[in-house]
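Protein chains in written order, with numbering that gives the first Met the number 0: chain A, 0 to 310; chain B, 0 to 289.
One or more hints might be untrue.
Calculated pairs, DSS-like style, for lysine-lysine (alpha carbon to alpha carbon, straight line, at most 30 Å) [stated by the list, open to error]:
#1 K245/A x K163/B
#2 K34/B x K245/A
#3 K183/B x K252/B
Since the hints were made in silico from the structure, they are not lab data.
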Amino acid sequence: MWDRVGWWGREGQTVDGLPRQLRIFCQAPSPEVLWSSTRSPLQLHKEWGSIIALVIHEWGVEAVLGVSDVGRSRALILQCRSGSTTRDLLVKTVDTGITDTGLFCEFFGNIVAREIGLSTPEPALVAIDASTAAMINAAPIVRAKGKTVDPGTGVGCEYIRPAPLPPRTSGLSAAQLEEAALIYSYDLLVHHPDRRITNPNVFLFKERFIAIDFDLTFSFLWDIFGSIPAWEVSKLKFVSEHFFFKLMRDSEIPWGQVLPRALSYDADKLDVFVQKLPERWHDHGRRVIDHLRLVKDHETEFRWELLRTVS
Amino acid sequence: MSRRSFSFCVLRYVHDPVAAESMNVGVVVYSAEAKFLDTALMHSYRRLSEAFAGFDAEGYRRTLRYLEEQVARIREEMFLPTLSPAKSPSDAVAVMRSLWPDQQLGLRIGDASTGFSEDLTTTTRQLFDRFIASQYSRSYEERRTDEQVWQSYAEKLRGTALPKVLQPVTFSTENLSAEFMGFKNERWHLMQPISLDYARESSIARKAKEFLGEFVELADNEDVRKGQLYLLLGAPTHANYQKAYRHAKDMLKKIPFDAAIIEEDDAGAFAVTMDEFVRAHVKLPDERPS
Chain A
0 MWDRVGWWGR EGQTVDGLPR QLRIFCQAPS PEVLWSSTRS PLQLHKEWGS IIALVIHEWG
60 VEAVLGVSDV GRSRALILQC RSGSTTRDLL VKTVDTGITD TGLFCEFFGN IVAREIGLST
120 PEPALVAIDA STAAMINAAP IVRAKGKTVD PGTGVGCEYI RPAPLPPRTS GLSAAQLEEA
180 ALIYSYDLLV HHPDRRITNP NVFLFKERFI AIDFDLTFSF LWDIFGSIPA WEVSKLKFVS
240 EHFFFKLMRD SEIPWGQVLP RALSYDADKL DVFVQKLPER WHDHGRRVID HLRLVKDHET
300 EFRWELLRTV S
Chain B
0 MSRRSFSFCV LRYVHDPVAA ESMNVGVVVY SAEAKFLDTA LMHSYRRLSE AFAGFDAEGY
60 RRTLRYLEEQ VARIREEMFL PTLSPAKSPS DAVAVMRSLW PDQQLGLRIG DASTGFSEDL
120 TTTTRQLFDR FIASQYSRSY EERRTDEQVW QSYAEKLRGT ALPKVLQPVT FSTENLSAEF
180 MGFKNERWHL MQPISLDYAR ESSIARKAKE FLGEFVELAD NEDVRKGQLY LLLGAPTHAN
240 YQKAYRHAKD MLKKIPFDAA IIEEDDAGAF AVTMDEFVRA HVKLPDERPS
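Chain A extracted, bound-state conformation (with noise of 0.2 Å):
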């Protein structure tokens, strides 16, 4: 299913004589085939690790389909070629509601949750020369939402088609559930307050939950709450908000399964991703790094810190 693409590791012996481990990564599956698997990310990673790629594709506009009307970014909707792949994204570029640190964040943010096994729209970099920019502004449809793009970066995802429906807090299965409390445990990970009653950023699609909006994960680096230790997940004062909260709190929750889940990703691998990004992101994407390896060498802080949080 998936199509091995490189590896990566390092050359060389040990102290010991012995060679080093060498990793083979795989070009993760095609959002067609992912959406259609009975399996969700989350049931993949547990059998497969993580389904991130280390490739990233660029991708070129060649169509403007429409304006989000929901969100500070005012996304595009835009019809984008990587190859001879076609693919619908929901692109988002600097603008009044999202700076170029915010873009970092809805790249590397999307990239951090599958990489511990969520189910998100696949993230996308798309590449806006000074023609194409000229081409989305003179859409009458981008023009009517008073939006402008400059020639840049601009970061997308996949466009879920079907439009996907509300989420729930009841009536939930034992898979939603534990997809539900990952969200939760990533939100508090990566300090990202964004995900409330009043904005889920979140629904359920094909009855799996997606998570979306990844803009304002790692808030530590615009030091919204203050200076918080990466693993002191209790004083975050966005928890009693979160979307899951109530739901975390009145439910059995295997957290058994879920937190090791939650810590499941390799730093070492996310540094490699990191230095394929634009160069401008290396120094966000270096305290994020430094953040994820903290909470890892306070792991087990980190976990009573989050069952804290639903005692």
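Let chain A serve as the given structure and place chain B on it in line with the hints.
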């Protein structure tokens, strides 16, 4: 009876926002002065599944059920005597936005409109007819939905012990997942309302076949196979379809595990039987240790 002002909005299913095709699926009617909040929803999804490729029927069905639960909760909370007028939502759209803040998904809220009414229950039904039912040919349509059949049984069950112990429960096999209202003592007892009230005989047979097929598959689930199913039937209102109804019941009798067929005329007796059974065999919520 005096006229009361109300607001309402239409709920739409939007399959692909880019293509911008949509279908009306319900209305919400709200009146703060009359302390009224209700919905009328199109539970039957045949029109939607025939119109839109890849339509998620199960997700749609569960979302509507969840919506009705949440509206019932809001109704209880909203009309508490202690609630100050300032806290009441301004209109039907405000009520819905508290439940569905994201307006880029497959179910969306239309603009609010207003009116006067002396009978808001009838008004709700009329608005549903105007915006939803009148928009399609009813040649194959249900006269009553499964939900409406359930409501007729629920009326008889009111005041009994059964509603206190019923909970939504989902059972799955490799190929299928289905949700019921049920309760458990030593085994699961599952309620399945089935409307066989159609405008065409062939639709009655088709419905019975679909349910038979679903339950044959669900027999792979041990909890379902060892459980007790109650098929709460809604008979055709058209006298000429009684033969088709009998054939449908004969098909349903072939479900390969314990399945009791309950006729709507016997709903009262069923309510008494279930009340006695639940009181004898199930710990009621107010008896459970806190």
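Comparing the hints with the structure gives:
no.	hint	result
1	K245/A x K163/B	23 Å, holds
2	K34/B x K245/A	28 Å, holds
3	K183/B x K252/B	23 Å, holds
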